[in-house]
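Chemist: Next come the chains, spelled out residue by residue.
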Amino acid sequence: MELLDKILIKLHIRKPHPHGRDARTLPPPVAEALAGEGLDTSSLITFFKSDMVAFDRFGDVYVMLDEKGLYLAEFEETVGPRPKKKHGGDKHGPAYKPKLRQLIAVPLEDADELFTEKNLATGRLTYRKGEEYYNLCWFSLSCLAEADRFRKIFTAVKEGEPYGLYLDEREKKTCPKCGMPLPPGKTVCPKCGGRRSTVTRLFSFFSEVRGKTAFIIGCILVSSVISIIIPQISTRKLYDEVLNTNGTLGYDDALKALLTVVLTLAALKIATQLFNIFYQYVLAGLLPHVIYGIKLKIFKAMQRLSVGFYTYKQTGSLMERVTRDSNNIYWFFVDGFPYIIVSLVTVIGVVAVMLKTSVKLTLMIISAAAIIVVLYPVFNRIFRRLHHKVWVQNSRLTSKASDNINGHRIIKAFSKEQEEYDEFGDISDKLMNTEIKAANMEATTFPLLSVILYALGAAVLGYGGVLSIKYHELTIGQLLTFVVYLQMLQEPIEFLTWISNWWARCVDSAQRIFEITDTEPDVKDVENPTVLEEFRGEIDMNGVQFEYEPARPIIRNLSLHVNAGEMLGIVGKTGAGKTTISNLIARLYDPQEGTVKIDGVDVKQLASKQLRQNIGIVSQDIFLFMGTIADNIRYARPDASEEEVIAAAKAAAAHDFITKLPDGYETRVGSGGRRLSGGERQRISIARTIIQNPKILILDEATAAMDTETERSIQNSLTALKKGRTTIAIAHRLSTLRDADKLAVIEEGRCIEFGTYRELMEKQGEYYKLFKLQEEALAFIGEDESAEDTDSKEGPDEHEHR
Amino acid sequence: MSTDKLSVDFLDPAACRFTVSDNGFLLLTLAGENRGRVLLRRCYPFVYEDEYISVHDLEDKEIGILRDLKELDGDGRKLAEHHLTERYYCPTVSSVKSIKERMGNFYFETVIDGIDKNFTVKDISRNMRLRPDDSLLIFDADGNRYNIPGYSKIDRKSKRLLEPYLY
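Sequence order for the protein chains is F and S.
Residue numbering for the first sequence follows the working numbering, beginning at 29 and increasing consecutively.
Residue numbering for the second sequence follows the working numbering, beginning at 57 and increasing consecutively.
By construction, these hints were calculated from the structure, which means they are not laboratory data.
Predicted, not measured: the structure shown is a model, and the values here were computed from it.
Quick reminder that beta carbons are idealized off the backbone N, C-alpha and C, glycines included.
A hint or two may mislead.
Here are the computed distance ranges between Cβ atoms for each label pair [said to hold, decoys possible]:
no.: 1; chain 1: S; residue 1: Gly199; chain 2: F; residue 2: Ser741; range: 42 to 48 Å
no.: 2; chain 1: F; residue 1: Phe143; chain 2: S; residue 2: Asp211; range: 29 to 35 Å
no.: 3; chain 1: F; residue 1: Glu95; chain 2: S; residue 2: Arg187; range: 20 to 26 Å
A few chain S positions that, by computed beta-carbon distances, are all more than 12 Å from chain F [to be verified]:
no.: 4; residue: Asp68
no.: 5; residue: Val103
no.: 6; residue: Ile119
no.: 7; residue: Arg133
no.: 8; residue: Asp198
no.: 9; residue: Leu217
These stretches of chain F come out as covered by chain S in the derived footprint (C-beta under 8 Å, 3 or more residues) [said to hold, decoys possible]:
no.: 10; stretch: 410 to 418
no.: 11; stretch: 578 to 589
no.: 12; stretch: 643 to 650
Using the sequences provided together with the hints, build the complete structure.
Modeler: Structure (structure tokens):
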């Protein structure tokens, strides 16, 4: 059985567990301690480990649930170093012997409801019995998601509902390899996405070009070996066999020997440069190809990922992965990798040659090199810290400048120029001081290092001189060759002492890239998705529950039905969950509970391509891509003809303003393009949706940011767009929903009222209140909505009778 | 509009009576009316810990704002202060043993109340904030926050590890 488990873990396959499966993950020593107190952990439904024993004290507390009640087991704090995990055994190791401090049981009938409460840096589970509240446990926010999942299971058990879904949810959020919870929004375990596998994968990028890579390495090796031979000719041979022969050579022989040395040197230098040119030429062609592949992989993965992923990642950090991280890899392989080979070959080769010449002097040089090896990392660390400080102050200055430029109108309006100038001055002052400190440090440290190095060189020369003159162990040529070799060693040793940091940065970049390419999208197609023959657009939401983050439900048990071709108006306060409903219909997110069906089929079973092609969204966040107006209009259907583009723009009331632009439909918009007003941009986005011809249209506060006049002109475009489609219209301004067949009032994620306009007005509930409030507000600001109100009172009736 | 017209109707401290239930939850009786369990929030949690305290009911709707806890009667004040200590508890880091970077995440090994505590910080320069009162706040990837009350007095090793990441 254990072998099977291991194989499944190795294959990253999650094993289906029977009832009480959570109990299996309870650490055996904990289960034993609990068994000692008479608690049978095999029947536990679920548990979670809280990390706090009181609101201000960390410690291990296991909170458990079975069909009889809730249990709280508090253990003595685990103090001291954590035992090392060996050979994939129990991660708590043999040293983990938790001592049970207390075990508290709360019978299920004594807890009516469980609540998750969030404080500043902690949270707690409380339960209610009748009117009384009781504290169950405290935890840090790291346990919030687990605690809330526990609460949901408790509620399901209490109400006799199935709870398997939540157990699955827990499994998805833990690493199948080590069992540790995954960080929010991640599907790759930071612990198991190991450095070794990253390196292997990083080099696998070069597998397609392994021939060229081998050629490059070969060239570098040959060039490095030649570089080691050169001092033997340029120094030893020149001094010992040409210049310092004590007149044993005649003029002709000396000239011949000199010519040989010079020509050999020239040939070797040319050969080195040729090999260098060869490898650099091949590398220059190879690396952009590899980096292009990496960038393409990241971008492809980003397109595949669901909207949820982007909520956890900042745009800046994602942009960095495409650009900076791939560039980090690029520069490491362009500048770093060849030099690693050169340095290694130089160090090994030079030391070998020196050992052959004089063991004593070599040992002395190695001792000197050891001093460099020790000194350099120390200075490197100091400089890195200083440079980081400069970088941080610089970022602060840049942020301040950018803040100032973006907010220049507000600054001027509040007459805060002087204050802004003073603040900028303060930051600038700090940056200057940090830079001066770094520069002073560099100015004093490097000469000091040079002095140390020169002193070492002088010591070698002195000791070598003694060996040469007194003991005749070395020739002058050999001694001078040693000095040259010593200089040759300095740079590679320096390089090898800090290359590890560069390499670590490169591996980190690769890990960040793999994190994206390895992440599985939350929303993905099933294996054989259903493709509807006819997409009609009937929407049915049943018992939908959804939350973006733990313990903060946005949609709660929501059920709605919209017939194909009907219009549903959704109203509610800001933050009620209206936009989330449209996101769930478009399957930008999947609900945690309940179903969203279109034409009777769960959206999870539908092919996402067909679904998205048939859902058009017009929201107040209008995004125009870089390109022409025509490109933007035909974004959903690139094959749309020029005539279709014009027809769509006309239907969206955009044609008039577009033709008045000097470049007409070829006006460039988006980043760096022409600035259009909000109304103009919205009309382009409506034209884009018209050309898409979706069966379901979602209008999410499409005119919220517009003035009344623009809104009215856009409403006409929207009316044209709504014809023959199922429409979900979300609006604050109730008059814009006058054509709706049904209206839903949403409050805190629940549908509190549903019906036709007349039904809701007669009911005199929330919708009625909102309507009256808005009527009064509009009357106060002097907006003439009476005509629309009359329309809205009559409009829905006509629909009813149709 | 001149600024002197802007004012807040603070709760009358004399009308507020804070008590605590048998299970340790804060209760409020306001002008003789039992408002049940309440939650307190600091409007200025850093600068005015005991002033401008917003009182919320269990539905999380604000009942009103207390100008200063000192204006409450002795017992009520103590209970309110304890409730705020509980709500605003922030672990105090006594020393930092190591900070290691991996995949853009910074893994902290620290000591809190004599216990080893590890946590992960993302985007480190933005999630470590040195405040004018010499305290250092660290926010981890799970939303937890940790405090070092006297940064200048912390041991040399901890300071050496933290310093490069501070603004």
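Chemist: A separate judgement is required for each hint: does it hold in the structure or not?
Modeler: Hints, verified against the model:
Between Gly199 of chain S and Ser741 of chain F the beta carbons are some 45 Å apart, a value that agrees with the proposed interval 42 to 48 Å. Range check, Phe143 of chain F to Asp211 of chain S: Cβ separation about 41 Å, and the 29 to 35 Å hint is violated. Range check, Glu95 of chain F to Arg187 of chain S: about 50 Å between beta-carbon atoms, so the 20 to 26 Å window is missed. For Asp68 of chain S, the non-interface assignment is confirmed: its Cβ lies about 27 Å from the closest Cβ of chain F, beyond the 12 Å cut-off.
Even its closest Cβ contact with chain F, about 16 Å, leaves Val103 of chain S beyond 12 Å, as expected for a residue assigned away from the interface. The beta carbon of Ile119 of chain S is kept farther than 12 Å from every beta carbon of chain F, the shortest such distance being approximately 18 Å. Against the 12 Å criterion, Arg133 of chain S stays outside the reach of chain F, whose nearest CB is about 19 Å from its own CB. A beta-carbon of chain F is positioned within 12 Å of the beta-carbon of Asp198 of chain S; the least distance is around 4 Å.
A cut-off of 12 Å between C-beta atoms contradicts the statement that Leu217 of chain S is not in contact with chain F; the least separation is 10 Å. With 4 residues having a beta carbon nearer than 8 Å to a beta carbon of chain S, the stretch 410 to 418 of chain F meets the requirement of three or more and the stated coverage holds. Only when three residues or more bring their CB closer than 8 Å to a CB of chain S does the claim for the stretch 578 to 589 of chain F stand; here the count is 0, and the claim is violated. Counting residues of the stretch 643 to 650 of chain F whose beta carbon lies closer than 8 Å to any beta carbon of chain S gives 0, which falls below the threshold of three, so the coverage claim is violated.
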